Amino acid sequence: MLTITRKLEFDAGHRIPDHKSQCRNLHGHRYTLEITLTGAVIDIEGNSDNGMIMDFSDIKSLAKEHLVDVWDHAFLVYEKDTPVRDFLASLPGHKTVIIDSIPTVENLARAAFNILKAAYKDRYGTGLHLQKIVLHETPNCWAEVTAD
Numbered sequence: 018m019l020t021i022t023r024k025l026e027f028d029a030g031h032r033i034p035d036h037k038s039q040c041r042n043l044h045g046h047r048y049t050l051e052i053t054l055t056g057a058v059i060d061i062e063g064n065s066d067n068g069m070i071m072d073f074s075d076i077k078s079l080a081k082e083h084l085v086d087v088w089d090h091a092f093l094v095y096e097k098d099t100p101v102r103d104f105l106a107s108l109p110g111h112k113t114v115i116i117d118s119i120p121t122v123e124n125l126a127r128a129a130f131n132i133l134k135a136a137y138k139d140r141y142g143t144g145l146h147l148q149k150i151v152l153h154e155t156p157n158c159w160a161e162v163t164a165d
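Using our numbering, read the sequence shown as starting at 18 and increasing by one per residue.
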């Protein structure tokens, strides 16, 4: 299997409301997102993408549109974290993203995978699809989601 991977970075805040240590406090991370795609290599003479699974700039554009620009410099808050949601709502124009699970790196990676899976699915009729997401919360801690 041939795969390609594009890495992007974004900054976001979150908290783990019931965590036993400091992660229960409001804080942020410099997240690194690795997007791995697979599919047939395009073989169309004269096509800009000839010889590629997908142009890396197109991978970046779709990731930014559907996920990175949405989450970058936002606070990712669990829908049931009422005190933080109320606080963020009191800040005029604050960039808040409400998610349906506690914003651990595992849950964020799963959400990112589901968001991006549709964005890349068979864009060229070549079987292109999202194979894996790796979301680094720190340089030493990350979660991976792989297609079935």
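If you are wondering where the hints come from, they were derived from the structure by calculation, not from laboratory data.
Just so it is clear, the structure is predicted and the values come from calculations on it, not from any experiment.
Where a beta carbon is used, it is the ideal one built from N, C-alpha and C, also for glycine.
Be aware that a few hints might be false.
Label-pair restraints from in silico Cβ distances [as the list claims (entries may be wrong)]: (1) R127 <-> D89: 12 to 20 Å; (2) G144 <-> S107: 26 to 34 Å; (3) F104 <-> L25: 26 to 34 Å.
Dumping the calculated DSSO-like pairs for lysine-lysine here, alpha-carbon to alpha-carbon at most 30 Å [as the list claims (entries may be wrong)]: (4) K81 <-> K149; (5) K138 <-> K24; (6) K37 <-> K77; (7) K112 <-> K77; (8) K24 <-> K112.
The hints, checked one at a time:
1. At about 19 Å, the beta-carbon gap between R127 and D89 stays in the expected band of 12 to 20 Å.
2. The hinted window of 26 to 34 Å between G144 and S107 is violated, with their beta carbons roughly 48 Å apart.
3. Against the hinted window of 26 to 34 Å, the Cβ-Cβ separation of F104 and L25 comes to about 29 Å, which satisfies the hint.
4. For a cut-off of 30 Å, the pair hint linking K81 to K149 stands: about 17 Å separates their Cα positions.
5. Taking the CA atoms of K138 and K24, the gap is about 18 Å. The hint holds against a cut of 30 Å.
6. This hinted pair does not check out: K37 and K77 have alpha carbons roughly 36 Å apart, beyond 30 Å.
7. The hinted pair formed by K112 and K77 meets the criterion: a straight-line CA distance of about 22 Å does not exceed 30 Å.
8. Under the criterion of a C-alpha separation no larger than 30 Å, the hint pairing K24 with K112 is consistent with the structure, at around 23 Å.
In this structure, the hints that do not hold are numbers 2 and 6, in rising order.
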